[in-house]
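One line per chain: the protein sequences are Z and R, in this order.
Everything in the first sequence is counted per our numbering, starting at 1 for the first residue and increasing by one.
Everything in the second sequence is counted per our numbering, starting at 1001 for the first residue and increasing by one.
Where hints are given, some of them may not hold.
Unchecked claim - Between beta-carbon pairs, the in silico distance windows are:
#  : chain 1 : residue 1 : chain 2 : residue 2 : range
1  : Z       : 618       : R       : 1281      : 39 to 47 Å
2  : R       : 1240      : Z       : 586       : 57 to 65 Å
3  : Z       : 607       : R       : 1285      : 28 to 36 Å
4  : Z       : 381       : R       : 1052      : 57 to 65 Å
5  : R       : 1051      : Z       : 75        : 44 to 52 Å
6  : R       : 1461      : Z       : 529       : 53 to 61 Å
7  : Z       : 55        : R       : 1384      : 51 to 59 Å
8  : R       : 1490      : Z       : 595       : 18 to 26 Å
9  : R       : 1459      : Z       : 618       : 35 to 43 Å
10 : Z       : 75        : R       : 1084      : 33 to 41 Å
11 : R       : 1084      : Z       : 607       : 52 to 60 Å
12 : R       : 1530      : Z       : 490       : 36 to 44 Å
13 : R       : 1068      : Z       : 233       : 16 to 24 Å
14 : Z       : 595       : R       : 1459      : 54 to 62 Å
Calculated from the structure, these hints are not laboratory results.
We treat Cβ as the ideally placed atom computed from N, Cα and C, and that holds for glycine.
There are 2 protein chains.
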Amino acid sequence: MADVSEISPRDRAMTIQAKNQQPPVVTLLSKYLDGEYHPLKEDLRQFIRNNKLFNMEYSNLNLQEQRYLAHERAKAILRHPKCKNQLDEQVRGSLDFMKKNLILGEVFAFVDPSTNVKLGVMVFLFGGAIINLGSAAQVQKWLGPLKDLQYTGMFAMTERGHGSNVRCIETEATYNIENEEFIINTPTRSAQKMFIGNGLHGEYAIVFAQLILHNKSKGPHAFIVPIRNENGLYPGVTVVDLGLKEGMNGVDNCLLSFDHVRIPREHLLNKYADVLPNGSYVTDILKDSTRFNIMLAALIGTRLAVANHSTACMSVGLTIAIRYAHSRLQFGPSNKQEMSIMSYQTHQIRLMPLLAKYLSLYFTGRQVASLVDDHQTSGGSIATNREIQALASGIKAYASWACVQTMQICRECTGGQGYMAENRIAGLKGDVDVFVTYEGDNTILLQQVAKELLVQYRKEYTKGKFSGMLSFLTKAIVVSLQTSSLIPRMHSITSYTFQTNALEFREARLLQTLASRLANKVQKNGMDSFMAWNECLHHLNALAMSHVERVCYEQFVIAVKQCPYPGPRSMLAKCCKLYGLNCIYSDRGWYLEESFINAKMAKCIRTEVLKLCKETAEFSLEIVNSLRIPDNCIHAPIAGIGHDNTSWLFAPGADSNTDIRMKSKL
Amino acid sequence: MADVSEISPRDRAMTIQAKNQQPPVVTLLSKYLDGEYHPLKEDLRQFIRNNKLFNMEYSNLNLQEQRYLAHERAKAILRHPKCKNQLDEQVRGSLDFMKKNLILGEVFAFVDPSTNVKLGVMVFLFGGAIINLGSAAQVQKWLGPLKDLQYTGMFAMTERGHGSNVRCIETEATYNIENEEFIINTPTRSAQKMFIGNGLHGEYAIVFAQLILHNKSKGPHAFIVPIRNENGLYPGVTVVDLGLKEGMNGVDNCLLSFDHVRIPREHLLNKYADVLPNGSYVTDILKDSTRFNIMLAALIGTRLAVANHSTACMSVGLTIAIRYAHSRLQFGPSNKQEMSIMSYQTHQIRLMPLLAKYLSLYFTGRQVASLVDDHQTSGGSIATNREIQALASGIKAYASWACVQTMQICRECTGGQGYMAENRIAGLKGDVDVFVTYEGDNTILLQQVAKELLVQYRKEYTKGKFSGMLSFLTKAIVVSLQTSSLIPRMHSITSYTFQTNALEFREARLLQTLASRLANKVQKNGMDSFMAWNECLHHLNALAMSHVERVCYEQFVIAVKQCPYPGPRSMLAKCCKLYGLNCIYSDRGWYLEESFINAKMAKCIRTEVLKLCKETAEFSLEIVNSLRIPDNCIHAPIAGIGHDNTSWLFAPGADSNTDIRMKSKL
Ligand SMILES: Cc1cc2nc3c(=O)[nH]c(=O)nc-3n(C[C@H](O)[C@H](O)[C@H](O)COP(=O)(O)OP(=O)(O)OC[C@H]3O[C@@H](n4cnc5c(N)ncnc54)[C@H](O)[C@@H]3O)c2cc1C
Ligand SMILES: Cc1cc2nc3c(=O)[nH]c(=O)nc-3n(C[C@H](O)[C@H](O)[C@H](O)COP(=O)(O)OP(=O)(O)OC[C@H]3O[C@@H](n4cnc5c(N)ncnc54)[C@H](O)[C@@H]3O)c2cc1C
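Just chain Z, with the same shape it has in the complex:
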């Protein structure tokens, strides 16, 4: 019914812009965002664009079909040379393993979250565990065939009874001297391994179990347990399909249980501890709890991957919602054309702070990956670097919550259209919701961050000089903590100085007050330390969040300053200021309580946030277009990218602007 003449010039411009000719500022911004890995990224994006397998979308598929599609996509990706290489590079300890991981993770996240998670579980989670917890011989033995997809893996840590509290898992691995075997057993219902991904396909699982020697547990250790081969399940193994989930339905999550399953002694991953044939336990790390923490810590790569996955999904949602916001017209001044919904103040303040947050996370993710690479290539191990661990945990929590919030707002901002599965956001929303829970529940991760900050604070406080994650704690800040009026009022609220000081002050203050509250409870009042900790959980979480926000802001500022192109730089600078100021605005109750700002400043901050939202909205389309997400990954009609299979598709432009004719009759 619609013909081309119904398309308004504005919308036509947008559609073309989105598809072909990008203005120079978009090209430059895109180049800067891609950074040193531009060729790799372009390569991968082209691979996705050209592969029909990635065109299909989930919304019309049933559970089995979704799983099949995710599996096929994962295999296609895993066969891509750049992806296959990644495991080798990890083994070799290549100079930029994490940075490349980030790129791969980001681009494949665009395809769909299930595919990304599925391929992660099949190969990287399993392979990563072996690389991090296994001996050189184990790596040698297991990695080659995995890389060639001769088998795929699973990662079985969580149990029905114990998710966050991994230390208390109940699965048992009892050593049997006679056959030099471990007996893997599920003693109770609550010991069943739960939510295990790739459960219907994987040939082997890394199973975490209490290592039992002489009837006593040495704590959780990781074992390679065969689950199935072409002839069926391994004797003693039971697998139950957990069925439909809120999202991630391309991933097959299962319940695994073990009835005295026998595995060779060599299947204990023995980098940090081993059991000799005679049943004696050997380890360099004497304390059970230290050993346990190191084992878990070795897995932080996947935590960073979840953070990056969250960030990438944010960009897909924002691209759809922002494109729609620029093309959807609704209401207007009397007798004039209707206005785009992007021009409404509420729409700006719903979407723009999230776009800014996305950018901050994007740059921070890249920076953390560099940090890890640098640390590892200089001979360090992330397993013992608690600072990086805390950062990874914090960013995972912050990014995944930002992602969930973004999807919700994108859904609401796209009205009824956003509720239709065809427009992608609904499905993404269900998928990303699990990010806040798996690879460490966010609430627990924040506690880890706070704990690490406290440890460092206590350690360095006596020295009077802070380094590492607390290196921002300069004399000026420490002094100001006593007086609460550090910030000379002469800095403009949009200056980096003001914003940096504000975020540093908050973190330092929350840390200092938390340390003294805990000390008070435990040392003065003799409270049990577990109980004292629990009485401060709210405070702890606030501290951890403020730490992550400070880091993200710092990284954003660095990224702005390093941008060599004036046009993109000034766009990024606006977004960065919006990010910083909005962090302060959202927590202005706290800043006012601490007299860091006064009432007049608080009001100015609100006015400025609204202004920055309006200004960033004006070039928001350029920003999302510069992300260069392949069209077949966006596949949302309301973002201007139709499907073959939808008779009712809505492309922006095709439908608007006809009301002008109608109005003449009103």
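Starting from the structure of chain Z, add chain R with the ligands where the hints point.
Relative to the frame of chain Z, chain R with the ligands by itself:
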């Protein structure tokens, strides 16, 4: 694998308590919550409990099966005498129509949101439109067969091009004098009716179209348009299935378009305006915009229904999450039993403010229903009562956002289990998400509330005396607006006086400053009023939300005071204080800006909120159990109610507490 000996005494107590013997306080609270309609509610709950149709759950059904089930359930409910009567009562204008509507809506919301919406669309939306917009003769003709389910209806207002901006819809109803017919036509693609519920089944639709006489539109009017009968679609009608959505998949939403569909003149709903056979237009309401507003306003019953639906869904989510929180153990002090997650401060502060908000909305919904009934039985019409309209819009927005937020938090609080479809929350989350969008997008509704507050303020300001929705504006408050220090600091922050004053002050202050900002922009600076309005959207929304919160708090206080049973009353009182104080706490930035509180008070408020969360958590299980949601409506294994069809079900108690044995080996 689990046997009874594995169940801890605590969990066993809980399971029994949830199922059979309730402590007296639960019975009394339940009685008070049900109120005067206790027998009706008990009747309906029993009907649901006893009907196998309501046992099945959606998670294993495909789109067609979900639709079929919702349809069958809707029919079963509509045949229930109490439900059938409702349409008669609406026609007769019974004394308590709205109150009963609320009860029916609440109880059937428990079944599943799709069923509730489906039955609403089939009968009540269509029937309501006829009752509100049709003449007595039209009501007479159409209602009987509808009630007997001889046909079902649809409600077709939204178009592809116009959702929120209904005035600009493009569907045309052109009068043809010769045949005394209207020609219903879809002139452009953007004029297609979109998202229309019951689209694959309904025989008739209420279609909103521009009434065109002599080539000029009289604005949108409602028409009854035949869509299909047993022989197929009516000539000229096209229906396209919109397929899968984020949720509400039991409801079949479609695209409808009309190619010169002919309908008799008598199919114009003509209570407020009519077209005579000779083509002349007759109406008592001369202004097009007034007539349009009255027509829309007549439909506010459905807006209240969405608010109540949101509230009811909150209670289902909270019941599941709170039961799980009391039974799920995770972590604990060393060498002691693990603690329930409900005992963690973060868990308390995530869930308890929402439980309190739920209760405030529950009481407010009941009160608004009474208000409508009283107004109508005293001869008033809600179509012209802008105060009630604004209240309905505000509560719809507030309740639906509260519901979406609640489902998200309940999902996160139930960890990985909450992500499994079997545990119900995931599905509910997708369903309720549409509440923020349909029956008026929340952002638009808040603008209506603010507009009405401004109208009343301007009207009454000159008189110096406020009534209706502004009757709280006493002299004391008006004076304090100038000085910003109304509240004598002697009232305790947990007192009703302090909390009431705080909420009233905020509303009054936001209203006063908004009025003067707008006046400044328009009168002083000569800005276009549409543009001035848009520059204040953020302020407008804050005002509208503060209005609703003030009203909800007031109603909660009244409900506490009226509760005759001491035990339940003191529980409700705590929740009410938590609700009020948390409203203030969440907006403490604003209160500090306005010097309504000082920094010291702000800190006390946080401490008190945390304390109230802890105290309410202790009896939160009693509260959710007193809601008496039928087990077959909860059907979440983690809430202690298993399914027949899940081999891996998780019932609280069945799995916990085995770690004590294990720990001895650690
Ligand atoms: C789709 C999906 C895929 C998964 N894939 C895998 C996999 O492949 N392999 C694997 O091993 N696991 C997997 N998991 C499991 C996942 O890692 C766990 O769900 C996660 O660790 C949380 O554990 P839980 O679900 O038992 O929640 P719990 O730990 O029971 O937590 C429940 C709630 O209590 C709160 N809580 C708990 N303790 C505290 C505390 N001390 N203080 C404050 N709050 C607390 C939490 O914040 C949470 O809200 C998967 C999960 C899902 C949903
Ligand atoms: C599942 C479902 C069932 C439905 N059933 C029916 C039905 O049976 N019958 C029927 O007639 N309709 C139905 N609807 C349609 C529904 O009422 C509309 O989706 C709703 O009115 C919003 O309109 P829209 O989707 O066009 O969004 P738009 O009005 O285009 O709004 C899009 C976004 O822009 C924002 N926005 C728009 N204008 C402004 C402004 N002036 N200021 C600030 N922000 C603005 C909104 O807040 C929103 O976020 C249904 C919708 C759904 C999703």
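Hint by hint, here is what the structure shows:
1. A beta carbon spacing of about 45 Å between residue 618/Z and residue 1281/R agrees with the range 39 to 47 Å that was offered as a hint.
2. The hinted window of 57 to 65 Å between residue 1240/R and residue 586/Z is violated, with their beta carbons roughly 43 Å apart.
3. Checked against the hint of 28 to 36 Å, the pair residue 607/Z and residue 1285/R fails, with Cβ atoms roughly 42 Å apart.
4. For the pair residue 381/Z and residue 1052/R, the beta carbons lie near 60 Å from each other, so the given range of 57 to 65 Å is met.
5. Checking the proposed 44 to 52 Å range against residue 1051/R and residue 75/Z shows it holds: the Cβ atoms sit about 47 Å from each other.
6. Separation of residue 1461/R from residue 529/Z is about 59 Å and conforms to the stated range, judged on CB atoms against 53 to 61 Å.
7. Checked against the hint of 51 to 59 Å, the C-beta distance between residue 55/Z and residue 1384/R comes to roughly 54 Å, which is consistent with it.
8. Separation of residue 1490/R from residue 595/Z is about 24 Å and conforms to the stated range, judged on CB atoms against 18 to 26 Å.
9. Look at residue 1459/R against residue 618/Z: about 38 Å separates their beta carbons, and that is inside 35 to 43 Å.
10. A C-beta distance of roughly 56 Å is found between residue 75/Z and residue 1084/R, which places it outside the suggested range of 33 to 41 Å.
11. A C-beta distance of roughly 56 Å is found between residue 1084/R and residue 607/Z, which places it inside the suggested range of 52 to 60 Å.
12. About 39 Å separates the C-beta atoms of residue 1530/R and residue 490/Z, a value consistent with the hinted range of 36 to 44 Å.
13. One distance hint, 16 to 24 Å for the beta-carbon pair residue 1068/R and residue 233/Z, is violated here, with the actual separation near 36 Å.
14. The supplied range of 54 to 62 Å is broken by residue 595/Z and residue 1459/R, whose beta-carbon atoms lie about 41 Å from each other.
Hint compliance for this structure: hints 2, 3, 10, 13, 14 are broken, all remaining hints hold.
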